[in-house]
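Following the hints, complete the assembly by docking chain B onto the known chain A.
Protein chains in written order, with the numbering used here: chain A, 8 to 177; chain B, 406 to 571.
Heads up, some of the hints might be wrong.
Cross-link-like lysine-lysine pairs, in silico, DSS-like; alpha carbons within 25 Å at most [claimed, not checked]:
1. 465/B x 545/B
2. 10/A x 411/B
3. 465/B x 9/A
If you're looking for bench data, these hints aren't it; they were derived computationally from the structure.
So the chains spell out like this:
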Amino acid sequence: MKKKLVAGMMVAVMAAGMALPVSAADTAPTNGNVSVAYEEDSTFTLTIPATVTLSENAGATGTVGLSAINVSTTEKVQIKVTGGISNGAVTLTDENDSSNTCFSTVSLTEGGEGLASDAVIAEFTMESNPLTANLYFTALGEVPAGTYSGQMTYQASIVSTNNAGAATGE
Amino acid sequence: MNKTAKNILLILLAVVLVVGGVFVGMNWNHWFGDEPADTAEFDANAEDYTGDRDVYQGEKNTDTIDIPGFEAINLQAGTTEQSVNLYNPEQNTCYFRMSLHLADGTELWKSGLVEPGKAIYHITLNQTLEAGEYENAILKYECFAMNDEQTPLNGSEIKLILNVLE
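If we strip away everything but chain A, and leave its shape as in the complex, we get (with noise of 0.2 Å):
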């Protein structure tokens, strides 16, 4: 009997160190909140032309847009020509002899009104489609030979879309 009851003993020692790590390792469950978030900045990628080759008889076309637009819902792309352009006209200049120059109306629709230095030309959302505007470039008539250039600057700019613009962008 008596061995009986050290040997019980023994056995309930034994289980008892088995169980220990496996207590060790219960852990009441937990409830807790963790916040995510991230923001992402809004960029596009404005497409403007290298160069419109004029032409003293007939007009011709630049087209201005966006090749990439990741902007807000509340937000818009908003382009402007902002150099290059006087009294609605862009101006060339003959590279050889800078009093030579030629003009060319440059206007929003063919044969419109000369843009305006500072005018909005397009504007666009995510929604838009396509991310495309023209320029109409009037001929440049008669001028003298030479090799004619001139510049243009188009500025791009993120605004609210409360911002009021020409929306010529669809």
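Relative to chain A, chain B alone:
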């Protein structure tokens, strides 16, 4: 065997049984548990991230120029040394000369010619800036043909916000 020796033996046996039980309990899952999940290996091609780099964009632009635009650029206050991510897209066929200006026209920085597919990650400003938001700053892109004359082409300006942070 006398009684004392028996007791010592019993205590030793109990200790061995407890230690043995703990050992078995700690390794039970390892010996008899589920197969451990496969773990992934590290990619040997991975390298330190140094900012966005150009990826293949298709054919080269022959008569258009792609200009990267941003809503804002972050700068650090009180130092002229700045980290940026300004680049000439790989699909362009013209050089860029980039410059950064405040709204009042003050030039903060100007680059040399940047080839298509190249980026500038570090710039030195002409002056330090105090912390704050500088609206209507201009990132100017002057574009030049890739010929001996470096013929000027149409250019662009991006109007953005300079976030100067502490």
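>> Of the numbered hints stated earlier in the document, which are not met by this structure?
In response: Hint 3 is the one this structure does not satisfy, whereas the remaining hints hold.
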